[in-house]
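Novice: Can you make the complete structure from the sequences, with help from the hints?
Those protein sequence lines, which keep their order, are chains A and W.
Take the first sequence: its letter number 290 is residue 290 in my numbering, and every next letter is one higher.
Take the second sequence: its letter number 15 is residue 15 in my numbering, and every next letter is one higher.
Just so you know, the hints here were simulated from the structure itself, not pulled from any lab data.
Partial list, derived from the structure: chain A residues whose beta carbon lies under 8 Å from chain W:
id: 1; residue: M1
id: 2; residue: N2
id: 3; residue: N4
id: 4; residue: V134
id: 5; residue: E149
id: 6; residue: I404
id: 7; residue: I420
id: 8; residue: I421
Nothing here was measured: the structure is a model prediction, and the numbers come from that model.
Idealized CB from N, CA, C, for every residue including glycine.
Residue strings, one per chain:
Protein chains: 2
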Amino acid sequence: MNPNIPQTDRTRVVIVGAGFGGLRLARMLADRREFQVVLVNRTNYHEFQPLYYQVATAGLEANSILFPLRAVFGDCENVHIRVTNVTGVRTADKEIDTELGVITYDYLVMATGADTNFFNQQNIIEKALPMKSVSEAIALRNRILQNFEDALSVETVDERDGLMDVVVVGGGPTGVELCGTLAEMKRTVLPSDYPELDFNMMQIYLIQSGDVLLEPMSENAHKKSEEYLRELGVEVRLNTRVKDFDGKTVFMSDGTTLRSNNLIWAAGVRATPLAGLPKEVVGRGGRVTVNRYNQIEGFTDVFAIGDVAMMVEGDKWPEGHPQVAQPAIQQGKLLGKNLIRLLKKQPMQEYTYSDLGSMATIGRGLAVVDLPFLKFSGVLAWLTWLMVHLMAIVGVKNRLLILINWTWNYLSYDNSLRLIIRQKLPVGNFSNMQERVADTLVVNKQS
Amino acid sequence: MNPNIPQTDRTRVVIVGAGFGGLRLARMLADRREFQVVLVNRTNYHEFQPLYYQVATAGLEANSILFPLRAVFGDCENVHIRVTNVTGVRTADKEIDTELGVITYDYLVMATGADTNFFNQQNIIEKALPMKSVSEAIALRNRILQNFEDALSVETVDERDGLMDVVVVGGGPTGVELCGTLAEMKRTVLPSDYPELDFNMMQIYLIQSGDVLLEPMSENAHKKSEEYLRELGVEVRLNTRVKDFDGKTVFMSDGTTLRSNNLIWAAGVRATPLAGLPKEVVGRGGRVTVNRYNQIEGFTDVFAIGDVAMMVEGDKWPEGHPQVAQPAIQQGKLLGKNLIRLLKKQPMQEYTYSDLGSMATIGRGLAVVDLPFLKFSGVLAWLTWLMVHLMAIVGVKNRLLILINWTWNYLSYDNSLRLIIRQKLPVGNFSNMQERVADTLVVNKQS
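Specialist: This is the structure in structure tokens:
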């Protein structure tokens, strides 16, 4: 294997990661003939992370929140996309190592984002369910739906209880939105799908270590989100941590236990910088220290943007910017401009975070929105949330599909994507079925 | 585990399989209080098989051709759905064995359909790609797209050739439709996605053992389908069989070879009846001999419908009906009526196949349609094909989503679902990534 990037006399910018930051940067440089852009990503698509929870709860199909990278850059002859894993960087040689081989760079941009932080709890790493990629969201959907199928067939009430109860850890937007949606499914579509089950048995717990939900948001958001969730029947436990999980019982910091097979882990993220950087630049939560130009400390040719970057912006953000979409998008955009300036030997511009606000949805007509000068909640907040997310999605067709799905789900109270899609396994039961190891959805059989 | 089907004094009809036949039968009986219907299926959804090829070629998302069974029967208190594999039948005890345990029946209906027939060729079983389930169609999509990614990085022209070439075996509707779509992708979306590859290198072969394509259709369909495919650049080889395949080279019956890593097997199907039937009732192609009431030979309480059933209808269908949707749907509907008649001690009605015609699409504006009194091809045939398939899909929302996708793809020449969705594997490369075995899309981690 060989990445086969054509050699040109253009300045080569290698971008690792096609999330919000990396994609925006690549788009900024896509029509600039002075650059050769190499976009390296683990998958062949961009993922719209804020809507994972809707995939996990059968509200949206996975493809409507994904966008193929090659469809974005089809006409840009200076953009080279390589779908592979990056195994490290060697800054002295100006090279990165990938599973396809070595790629050299003039400028390297780390836009590698963050992944679930399990805080090194081994049992939780092994048994809890994360939701930090679309494939994890699909796996979560399969698991939740399969639980109810299994609940029909178990012999004891205890087993049924363990299957039907869900414990969500983490009171950020992911945990709040997931709990709200599960609570609505419990009241609408699930009892209709499973008339043989008693849904009074289904408990949804939200465990939050701090004393409020949606901690970085306003007091209004703290109060309203908790109120909405309690109204929907979610049991919110504040100032509590999960200590351990054996696959059947969740052990809490206050000594209590919860009987559930399902521990969904949305308790935090940890940045995933490339291996090979000097130790001293990797700080808290795995984030890489950068200056106001997103240059990694000690480098002029290696940058980091988005969740993986830790930029201290004066007194305003002493612990770095929030690890959400906006800083990533803004830094990607500015870095595009700065690289153009660099090439023209003009001075670069410092990044300043423009906080456009934040929001979370809890259920039908229930959301909280914090804008810089206005905090509100309820139906208007919910409509704002819908509009903002719809417009942020990449691709006109995706927008259209999501609009139809949302409208449909709203009117019908019916998440119609309740599909457990798995590999077709060889089934020894049918008399004539050939035994075969099918190509799976996951593992590529290619020889 | 225990299937936990409630005991009632109603007549219990156990239907195995929720394809076209089983689903139709279950719907016929769903509101009949005199019956208790147990619908056993391997997945929790019905699959619309005629559009697998569009999932495989990134034209439709999988979920738009699937329909959750529980959404169909949500309000029917006499229908019990169980998602499990059936391992056999014991007719003397009136019981079937499932992975959840034993289910007893008053009437059993085998609607188990058919699967790919590899004709016991071991290398082909192991290395060829079938397309007889939605998960196989998704795996095929992943494989085809991954091939072009890999083609960018291989070192030799020979390897690139092997990745880009596709050999499709079987000149039925599946093979014809797949080749037509691949040929269009070769001309439109693929060169735009992969400007670094030379698509003159990509060859698409269609191998057919007989001397015409779409053999059961009219002479017009034979001629036109071949003509359309050749115009699109597909190399059609008639009167040829595939003898062997080592994963890189396809060995043909005429002694020639084709260099391709991709052998797509659509050469035939084999019925998949339940194990445990008397040997003498299982005939050619695994099909079970039934009388005109779909009763399996020698039984009054065990029925077979659809692809798995072999009904000789006088001189008209001496080798049974074609293994397509229409006979399955018609038999499901009639069997529903006949079971009601049986209960009322009225005589059952004999099944007569009403051939509504058949059709296949080859590409944009290219299709062939055989109606009982009219054969036609071209744009009108293509529009007919689109309308018929759109109306046949279960679910208003699915119809809407498919209509949007088709319109979009037609106008934009862009199959926007070019996503390689796989499990997120633990990547040792990012310095802070925890090693973990994630829940896969396929295997349920549940303990």
